[in-house]
Amino acid sequence: MTEEYAAAELDMKPGKPSFWRRLSFVWLVPILALLVSVGVAWQSFSDRGVEIEISFPSASGINAGETEIKYRDVTVGTVERVEFSEDLQEVLVFARVDQAVWPFMDQDAKFWIISPDVSVRGITGLDTVLSGVYIEGDWDREADVAQTSFTGLQRAPVAPPGQTGTEIVLRTTEGSALSAGAPVLHQGIEVGVLSEPVLSPDGLSVSVSAFVAEPYDALITSSTRFWDTAGFSVSLGAGGVSLDVSSLASLIEGGVAFDTVVSGGAPISDGYTFDLFSDEETARSSLFNEVGRPKLNVAVLFDGSVSGLSVGSDVRFQGIRIGQVSELGAVVVDDEFTERRVELRTVLAIEPGRLGLGEEATPQNALDLLASFVDQGLRARLVTGSLLSGNLTVELIEVADAAQATLDVSAEPYPIIPTTASNITDVADQAEGVLARINDLPIEELLAAAIDVMDSANALLRSDGVIDTPEQVAGLLADVRDVVGSEAIQAVPGQVNNLLNTLEDTIGGLSGIITSVGDADIAGQLDGILTNVSAGTENLPEISTQLEQVIAKANALQLDALLAQAEASLAAIEQVASNDDLQEVPVFVNQLLDEARLLIASQDVQALPGELRGVADEAGQILSDLTAQNISARLTEAINAAASAAQSIDTASQQLPEITEQLNALSAEAARMDLDELSAAATQLMQSVTEITATPSAQALPASLSSALDEVQLTLAEVREGGAIENVNAALQSASDAAQAIEEAANTLPDLTDQAGALITSSGDVIASYGERSRFNNDITGVLRGIQEAADAITNLARTIQRNPNSLITGR
Amino acid sequence: MRCKRCHGPIRSRDTESLQKVWAWLIAGIIAFIPANIYPMLLTSTLLDRSEQTIIGGVIELLHYGSYGIATIVFVASIMIPVGKFIAIAYLAWAVQHRSSRNQHQRHKLYDVVEFIGRWSMIDVFVVAILSALVQLNAVATINPGIAALSFGLSVIFTMLSALAFDPRLIWDEEEPVRHD
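For the protein sequence lines, the chains are E and P, in the order given.
Mapping the first sequence onto my numbering, position 766 (from 1) lands on 766, and the numbers just tick up by one.
Mapping the second sequence onto my numbering, position 21 (from 1) lands on 21, and the numbers just tick up by one.
Next comes chain E alone, as it looks inside the complex (with noise of 0.2 Å):
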């Protein structure tokens, strides 16, 4: 049961407060967790960067999560996940990068796997054997617009990352020597580093990416060289012999080289594409073939074989390369007056710049230039450039007597040089020419003219006057050399001049006098006379003895006391010469030698010669005339009789003993001379001549030496400008046509020896006749007197001479 009715309890409760007045203040906590939440996961959320996609064709060692992103070895990123492209072509790699740096990741960013790398020039990213690979990124540091997708690159770029410079291409047939990083050096400094070297598609060349660095990419311009310094090479070319090594890390490694050879090139930018040459030399020389400076084509055809030389060859003018053999090939020619033939077209690439002409030489210009050479003489030919390989250069040479030739400038395709003959030094050929030269040589007429001649000679000399002639010669030899000693002949030259002007006048006489001599019997007496002094000159040796005794007591004579006179004498000529008059007289004999070279410049002495060589050939003319002549047999003849003759006077000089004596009494008397008089004389004489050196008025004598060598001078001019040359030329024509009168005269000799062969026969008769007579001898006695006498008077006069050789030039 319940208790209905009881009253319903009331229900008292507190009221409620309001809600916000029931708010505890814990719910603080939780906002401030949710705002610290939100707010970590805004700042996660903002600072988790951007996403980026890179697409590699393998993803060799990256793991999503793991491998970062590095710029400049710093992280900026990391690997999100990994993924295929749709086609399964590639692999994508996703990855965050810092949002500082994504502004930068623009078109030219590029990323490549860095993994460890071990070559010969060292290992890289060793790093990454613990850490595994990581991406490294590079980039410039200009903000573009960013890019989210990009190309991951397969191995590493050129240029290291950060560094700027210039990326080149290098493009050679031949890559054995080429590996990545191999250094690019200038100057033997590396300056840039190779990347690995690509066989293009078609196999036919090999190109590799060089990175140069700032700032020395500006050395390269579109006239720089690139050359292969790997290994070594050994050159045999026009040149010589060349051998070539570069350093052995280049050996190893290999490397290229460059040089910007000549100015002018343009710059260059990246990927510019240059080609790598084997070695240095090729690559200097190409700069020939180089693009951007026009050639001069002219085109050269050569008659003979161009065996040697090839293109690349050079082409030289004045020894200096001007360009080179471009194309070697064989053009028919069909001319209208001509069969058609084949020429040998050389085609030469010239260079206007190496012309002279600078820089921005045209070839126009090098075309004008060649085309005023040609007319000047300039010609192509051959020449021989290095006789070890036969290599042959074209050389361009002026030839003086060159026949007139142009220039063809209308020739097709190219303008045509003439050509000369080719300057080859083939040793072959040289050989060879000589061989047929001697090949050419007529030896059998040779031989059989030599053998004729040896036959006649045979002949000749077995006839018995040949056999008995060497002995007449020899005598006739001692007497012409006797003849020959004589002072008269050692003075005859100084009289020469004088003879010669007296012979002009003579000649014109004598060639009527020897016409008559024929008829007359001088020559024959003559003869005789000759014979008959040769005998009388046979006592001479006695009288020489005689001359030995007076030298002998000359040589006693107080020479100690002249030669100190002499000495004092030559004191005071030292103090004359000291005087500055004397040094004056150099620049006077100077004037004197300009003189007489003057005088022997002048066309009448050049023309001496010529004249006395006419004379010659006349004198050859007239001893070949008498040779003909059967001359010897006939002097065969006249020598016997001039022996009988000889004989008579033999018995005849009997006498001369007396005559003799005679001499030697004379020579006694000279030995007697008071010679010691003399030399005493001779001493005052030098003191007189000191004193007279030492006179003012001889300190005055250079001073009038050189006046008289301005005489001389003048007396030169006078002899160059007046007609002595004139003289002694018209005296030697006068000379050879007296010799021509004497070859006429000659060819009546024949006769005139008969006639002195009568004669000396009859004098024979008239000479054995003179034994008894002693006037005769008597006779030659006083001529021998008169002979010494002359002899004295001529040693007198050499002794004045010596004393005062300025009378010869003053005339004293």
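Simulated from the structure, these hints should not be mistaken for laboratory data.
Values in this document were obtained by computation on a predicted structure and should not be read as measured data.
Worth double-checking, as some hints may not be accurate.
[Claimed, not checked] Here are the computed distance ranges between Cβ atoms for each label pair:
id	chain 1	residue 1	chain 2	residue 2	range
1	E	Arg72	P	Leu47	19 to 25 Å
2	P	Thr141	E	Asp202	34 to 40 Å
3	P	Leu47	E	Gly271	23 to 29 Å
4	E	Gly39	P	Val82	23 to 29 Å
5	P	Val134	E	Val40	21 to 27 Å
6	E	Phe45	P	Trp171	46 to 52 Å
7	E	Gly39	P	Gln135	28 to 34 Å
8	E	Arg21	P	Val82	30 to 36 Å
9	E	Phe45	P	Tyr64	30 to 36 Å
10	P	Trp171	E	Val40	38 to 44 Å
11	E	Asp202	P	Ala140	53 to 59 Å
12	E	Gly39	P	Val112	30 to 36 Å
13	E	Ser46	P	Asn143	19 to 25 Å
[Stated by the list, open to error] Residues of chain P clear of chain E, computed beta-carbon distances all greater than 12 Å:
id	residue
14	Ile26
15	Ala27
16	Pro34
17	Ile55
18	Gly57
19	Leu61
20	Tyr90
21	Ala94
22	Ile116
23	Leu130
24	Ser161
Glycine included, every Cβ here is placed at the ideal spot set by N, Cα and C.
Knowing the structure of chain E, use the given hints to seat chain P on it.
Here is chain P on its own, set in the frame of chain E:
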């Protein structure tokens, strides 16, 4: 009204209890989110550098076949905190809706939650000990991640939430009259 012995405030009921419970609970749940998103451990060794979240660690342990440890970690780090959230939320919800059912069971649940609360920091303890011990420079280093801090905060907030709950509220609703 104060206690005559200790002068502490004496109230028959903490009227603001549920508010505090909810507030701490929400804060704990908020803190629990980053504790699971962010890595708990930052491990750097010579070759490797890894970050592990709680779940990631559990999965890794499972990969290595350490099922026991994986279970412990999972229970201690995931199940218990989540269970506490659910339990406290249920208690608070039940009180608010003046449920009079299962009052005994609910009180026991509250005791369990409060008891477990002090043991919920196992993860944080592990991280703290490892971080302190494994500091071998380049060879191996372990550092606590953001999740460790968040997890600790989450546990603390949950404990405070549990403490703020006034268990007498469970009993305020009259037990329904059993009509025999």
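Quick rundown of the hints versus the structure:
1. E:Arg72 / P:Leu47: 19 to 25 Å: For Leu47 of chain P against Arg72 of chain E, whose Cβ atoms are near 24 Å apart, the range 19 to 25 Å holds.
2. P:Thr141 / E:Asp202: 34 to 40 Å: Violated: the Cβ-Cβ distance is about 56 Å, outside 34 to 40 Å.
3. P:Leu47 / E:Gly271: 23 to 29 Å: violated (41 Å)
4. E:Gly39 / P:Val82: 23 to 29 Å: Distance hint for Gly39 of chain E, Val82 of chain P holds at roughly 24 Å.
5. P:Val134 / E:Val40: 21 to 27 Å: holds (26 Å)
6. E:Phe45 / P:Trp171: 46 to 52 Å: Between Phe45 of chain E and Trp171 of chain P, where Cβ atoms are some 47 Å apart, the hint holds.
7. E:Gly39 / P:Gln135: 28 to 34 Å: Distance hint for Gly39 of chain E, Gln135 of chain P holds at roughly 30 Å.
8. E:Arg21 / P:Val82: 30 to 36 Å: holds (34 Å)
9. E:Phe45 / P:Tyr64: 30 to 36 Å: Holds, at about 32 Å.
10. P:Trp171 / E:Val40: 38 to 44 Å: holds (41 Å)
11. E:Asp202 / P:Ala140: 53 to 59 Å: holds (56 Å)
12. E:Gly39 / P:Val112: 30 to 36 Å: Since the Cβ atoms of Gly39 of chain E and Val112 of chain P sit about 35 Å apart, the hinted range of 30 to 36 Å holds.
13. E:Ser46 / P:Asn143: 19 to 25 Å: holds (23 Å)
14. Ile26: The claim is violated: Ile26 of chain P sits with its nearest Cβ about 4 Å from chain E, within 12 Å.
15. Ala27: Given a closest Cβ separation of 4 Å, the condition is violated.
16. Pro34: At about 6 Å from chain E, Pro34 of chain P fails to clear the 12 Å cut-off, so the statement is violated.
17. Ile55: Consistent with the label, Ile55 of chain P stays out of reach of chain E, its closest Cβ about 16 Å off (over 12 Å).
18. Gly57: holds (15 Å)
19. Leu61: holds (19 Å)
20. Tyr90: holds (18 Å)
21. Ala94: The claim holds: Ala94 of chain P sits with its nearest Cβ about 20 Å from chain E, beyond 12 Å.
22. Ile116: For Ile116 of chain P, whose nearest Cβ neighbour in chain E is about 21 Å away, the distance exceeds 12 Å, so it holds.
23. Leu130: The claim stands: Leu130 of chain P keeps its Cβ more than 12 Å from every Cβ of chain E (closest is about 21 Å).
24. Ser161: violated (9 Å)
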